[in-house]
Amino acid sequence: QQQVKQSPQSLIVQKGGIPIINCAYENTAFDYFPWYQQFPGKGPALLIAIRPDVSEKKEGRFTISFNKSAKQFSLHIMDSQPGDSATYFCAASGQGTYKYIFGTGTRLKVLA
Amino acid sequence: GAVVSQHPSWVICKSGTSVKIECRSLDFQATTMFWYRQFPKQSLMLMATSNEGSKATYEQGVEKDKFLINHASLTLSTLTVTSAHPEDSSFYICSASPSGRHYNEQFFGPGTRLTVL
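So the protein lines, in turn, are chains P and Y. Mapping of the first sequence onto the working numbering: residues 1 to 112, in sequence order. Mapping of the second sequence onto the working numbering: residues 1 to 117, in sequence order.
Bound conformation, chain P alone (with noise of 0.2 Å):
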C-alpha cells in the first residue's frame, strides 16, 4: 500500500514532443505530490508538486495532472527540449510524516 508505480519505465520523443509519465499510488493519506527531475551525478531538484484538491497545477512548460478517484498522477512535458533528457521521479506523502515514497524513475530522451 506504500508503493508509487511509475511508467514508463523510459521514453523516447522528439524535440517539441510531449512526453507524459504516469505515477498511481494506492495509500489514501497522500496529501503531496512532488516530481522531480535529476541528471546523472546530480541530486535530485523539484520541479513540481501538486496537492489533491487540485486537478491540474502548470509551472512554465511542466504540467501535473491529478486525478483522486483514480489515485493517479501524470506529468507532462510540453514543447519538451533535448535539455530536458533526465530521469524523472514521481513521489508521495502523507500527513503527518515528511517521508517519501518514490517511484521507479523515468528515464527521457528528447531527440534533437
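Keep in mind the hints are simulated off the structure, nothing from the lab. Treat the hints with caution; some may be incorrect.
[As the list claims (entries may be wrong)] In silico DSBU-like cross-links for lysine-lysine, where the CA-CA straight-line distance does not exceed 30 Å: (1) P:Lys71 with Y:Lys64; (2) P:Lys71 with Y:Lys55; (3) P:Lys99 with P:Lys15; (4) Y:Lys64 with P:Lys57; (5) P:Lys15 with Y:Lys41; (6) Y:Lys14 with Y:Lys55; (7) Y:Lys41 with Y:Lys66; (8) Y:Lys14 with P:Lys58; (9) P:Lys5 with Y:Lys14; (10) Y:Lys41 with P:Lys57; (11) P:Lys42 with Y:Lys66; (12) Y:Lys41 with P:Lys5; (13) P:Lys109 with Y:Lys55; (14) P:Lys109 with Y:Lys41; (15) Y:Lys66 with P:Lys99; (16) Y:Lys41 with P:Lys99; (17) P:Lys42 with Y:Lys41; (18) Y:Lys66 with Y:Lys55; (19) Y:Lys55 with P:Lys99; (20) P:Lys42 with Y:Lys20; (21) P:Lys5 with P:Lys42; (22) P:Lys5 with Y:Lys64.
Fit chain Y to the given chain P structure using the hints.
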C-alpha cells in the same frame, strides 16, 4: 532559495576507514533532513530521517552502527559511514525540509559519490 549543499562531492577511501559526509541547508532552517542512497539507474532509497536535536530514525535494514547520523543544528546534518567496505560504495544524497512549512517539500543536495577500495 532552498539550496542544499553536500561536502564532499566525491570521496575515495580504503576499506576499513570511516567517511563523514556533511549536508547543509544554506538559506533556510531544516528541522528534518533525510539521507538517501542511490544505486546506478535506480530510484532513491531512504536510509534515515534526521531530526535536529534527536536521534535519527533508520529505515528497516539500515545498520545504525554503520551509518551514523548527527543533526547538530537546524542547518547541518552529517552521515558517517563507519568501517567502510566496497559494498558501501554508492551515491549518497541528503535532502532537507524547511521548518514551518505546511506541506512536505524536500530539497535535495547534489550528492556525494563514495568509492571504497
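Which of the listed hints are broken here? 1, 2, 3, 4, 8, 9 and 13
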